[in-house]
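K.L.:
Dock chain A against chain Z, hints included.
Protein sequences, first through last, are from chains Z and A. Just so we're aligned: the first sequence equals residues 1 to 327 in the numbering used here. Just so we're aligned: the second sequence equals residues 328 to 504 in the numbering used here.
Keep in mind the hints are simulated off the structure, nothing from the lab. Cβ atoms here follow ideal geometry from the backbone N, Cα and C, with glycine treated the same way. It is possible that part of the hints are untrue.
Here are the simulated lysine to any residue pairs, SDA-like style, with alpha carbons at most 20 Å apart [as the list claims (entries may be wrong)]: (1) Z:Lys288 x A:Glu443; (2) Z:Lys189 x Z:Gly58; (3) Z:Lys211 x A:Asp366; (4) A:Lys465 x A:Gln438; (5) Z:Lys288 x A:Lys465; (6) Z:Lys212 x A:Lys465; (7) Z:Lys301 x A:Ser389.
Counterexamples of contact, computed for chain Z against chain A with all Cβ distances above 10 Å [what the hints assert, rightly or not]: (8) Asp24; (9) Asp161; (10) Lys212; (11) Asp304.
So you can see what is in the structure, the chains are spelled out below.
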Amino acid sequence: MAEKLKFGFYWAASCGGCEIAVLDINEAVLDVVAHADIVLWPVAIDTKYDDVRAMPDGFMDVCFFNGSVRNSEQEEMAHLMRRKSKTLVAFGACAHLGSIPGLANLYSKADVLETAYQTTASSENPGRTRPQPEFRVRQGELHLPEFYDRVFALDQVVDVDYYLPGCPPPVPLILNAVTAIFEGKLPPKGTVLAPAKTLCDECERNKHVAKKMPGLKRTWELAADREKCFLEQGIVCMGPATRAGCQTRCINGNSPCTGCMGPSPEVTDQGAKMIASLSGILRVDDEKDMSEQDTAALVSKLADPVGTMYMYGLVKSTLNPKSRGGR
Amino acid sequence: MSASLVSEVRSPRSNAESPVFEPRIVGFLCNWCTYAGADLAGTSRIQYPTNMRTIRVMCSGSVDPELVLEAFRDGADAVFIGGCHPGDCHYQSGNYKTLKRVMMLKRLLEQLGIEEERLRLEWISAAEGAKSAQVVRKYTEQIRALGPRGNCRVSSADCRTAGNRQSPIASRQSQNG
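Chain A extracted, bound-state conformation:
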C-alpha cells in the first residue's frame, strides 16, 4: 500500500482522550466530482467533522478493491468512496465499474465479519458542496453509532450474523479470544 494511505489510516485518532468514539474513515474521492464537491464545502466554509481522511484519486473506478481491504486491515473503521453521478464520469464509465465493485465488496465484507455499512459509495458532483458536508457528517455519526471495528473482531461468530443468516450452526458461543 502507498505510504500516504498508511499514514492516513494509522494517524492517531483525534481526541484520543475523548470518551466519545472518533471513527477513522478513509475516503477515496474522485478528482472531477466528489473531491471538487468537498473543496466547495471548504471554500463555502461549511463545517463538517474531520473524521474522514481524504485521498484524491483520478476516478472512483481506479480504487482497487485491494486498497479497500488494506484500509480495513490497517485499522480503518469505515471506507468511503465518492464518484461522479451516473452519466457524469469524466472517463465515461468508471463509476459504473465502481458501483459493481462496491456491491461485490459489501457482500465479501459481510462474509468476513465486517458490517456492510462500513463501506459506502456516494455520488457527489462538483456543485454539491452542501451535500458533501452533509453526507460526511451523517456517515460519521452512523459509524460512531456502529462503534469501532475492533468490537466486531472480539467474537467472529457474533459479528457475522448479517452475512451468515442461513448459518446452520446453532451455537453462537465462542471460545476464541
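If we strip away everything but chain Z, and leave its shape as in the complex, we get:
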C-alpha cells in the first residue's frame, strides 16, 4: 500500500461547528484514517505549534483550514499552514467568505472592544482595561495576539487552493472532496468544491413559473407553509443568489436560506443579486397602482439588509466596508 496521506485540520476565528462537521462524516472517518494520518487537529490532538514549525515545508498533503482571520496569531498560523501543506482548503463559510465574524467589519476595532469590554450589561470595567499585545508582570513579559481592525477571509491572507463552502460544509461535499483527494481527481485550483447551480434549482418546494412575492414578512410573523416557496409567502429566502449543495437543510427545517454557501458562480455580489431578484418579484401584480410612498413603506419592511443578505459574504462583498483598511 502506498504511503498514507497526511491531513491537518486547523481552526481560526470560528465557532467549532466545522470540527463537528468533520465528525459528522461518522464511520466514513475510518476510511479516511485508513488512507490518511491526521497530523494536526487542535480540537482532538495535542500537537504544539512548535511541532508544526518543525515539520518540513509541504509536509501535510492537505490542510483543512476553518475560521476567518481576525488576529495576529491566526494570521501567523495561516501563513504557517500554507507553508507546511501542499494543498490548502478553506473549510467552511468563515474561511471561504469571512462569514458571521466578518459582520464586525461594519464596526471599528474600538467599537468592538468598547462593546465587549465596556457596554455589555455584564461588564464592570471602571479602569477601562483592554487587551494589550504586551504586558509586563513580575514574572516577565506576557504576550497576547494582536486584535486586528478587520476580519479577513483566508484567501485575503494566503493563497488558497480550494474552497469547501457552507456553515458548516455539508457532509456529502466533505466526502466528495476527500474522495477526490484520495483518487487524485481534484478540479483546477481555485474551485469551490460544490455544485454550480443555485439553491432554488435544488429546492423541492412548490414554485410557480410566474413567481410573485406578496409582501415582505419576517419569519416570526407567520407560520410558514412547509410545501410552498418561502419567497411566495413573503419571506426573504437567499436561494436565488446562493450556491446549491447543502441539500436544502434549512428549508427542510422550515427555515429560509440565509446564504451560507455563498454566491453562485455567476453572481459576484450576493446581496446586490438578491436585491435584483426581490425587486423583480415583489408585489408585481399591483406595483403600477402603488404610489412611491407605498413602495417606500413596502421596502422599509426589509429588515437589516446587510445582516439578511450578507450574513456570510460581507468580507468578500463588492463594498466590504473595510476593503481598503489596514490590519
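P.N.:
Just chain A now, kept in the frame of chain Z:
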C-alpha cells in the same frame, strides 16, 4: 464589469488641479426617455456640468444592482439612474422594478457607510431637456457639497451615523486608519 464602465469611472477627475472638488457621477440613462432627454438638452444647447459620465442602457430596470456597487467600489462619488415616468416604460413595467431596487439599495448603502444621497433615481422623459440639465446641475452641486466619497471611508463609524441611528455603541472614536 464592462470595460466601458471601468473607463467611465476611472477617468481622471476633470480639473484635477482645481481646488474645487469635481465629483464623478456615473449616470445610467434609459434609452427611451432620460437619454433622449439628455440628448434634447444637448441639441437645445442648454449648458450643464460635465461631471456625469453617461452610460446608455435599454431600460433603467436593466441596471443590475451589482453594477451600482461596482461603480462605487471603483471610485464613483455618486450614481444616477434615469428612467421613464411611471406608466411610460417602453417595456411596460421596468421602471417599477428600478424604483424598488433603488429604494432597497439606498438602505443597503447606508448600512455600508455610503450616504443614501449618493444614489439618485429620477424620472425624465424624452421631452424634458431642460429638466434633464437642471437635475444634473443640481445633483452635481449636491454631491460637490457632500464631498468626495473617500471622506466617508476615513472613519467607518462616523459616516455610518445615518444608517445606524439605533446603534447601541456609544463610542464613536475610531482607531482604524
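K.L.:
Against this structure, judge whether each hint is valid.
P.N.:
For each hint, the structure was consulted:
no.	hint	result
1	Z:Lys288 x A:Glu443	24 Å, violated
2	Z:Lys189 x Z:Gly58	17 Å, holds
3	Z:Lys211 x A:Asp366	37 Å, violated
4	A:Lys465 x A:Gln438	25 Å, violated
5	Z:Lys288 x A:Lys465	29 Å, violated
6	Z:Lys212 x A:Lys465	38 Å, violated
7	Z:Lys301 x A:Ser389	24 Å, violated
8	Asp24	34 Å, holds
9	Asp161	27 Å, holds
10	Lys212	13 Å, holds
11	Asp304	8 Å, violated
Consistency with the previously given hints fails for numbers 1, 3, 4, 5, 6, 7, 11, ordered from lowest to highest.
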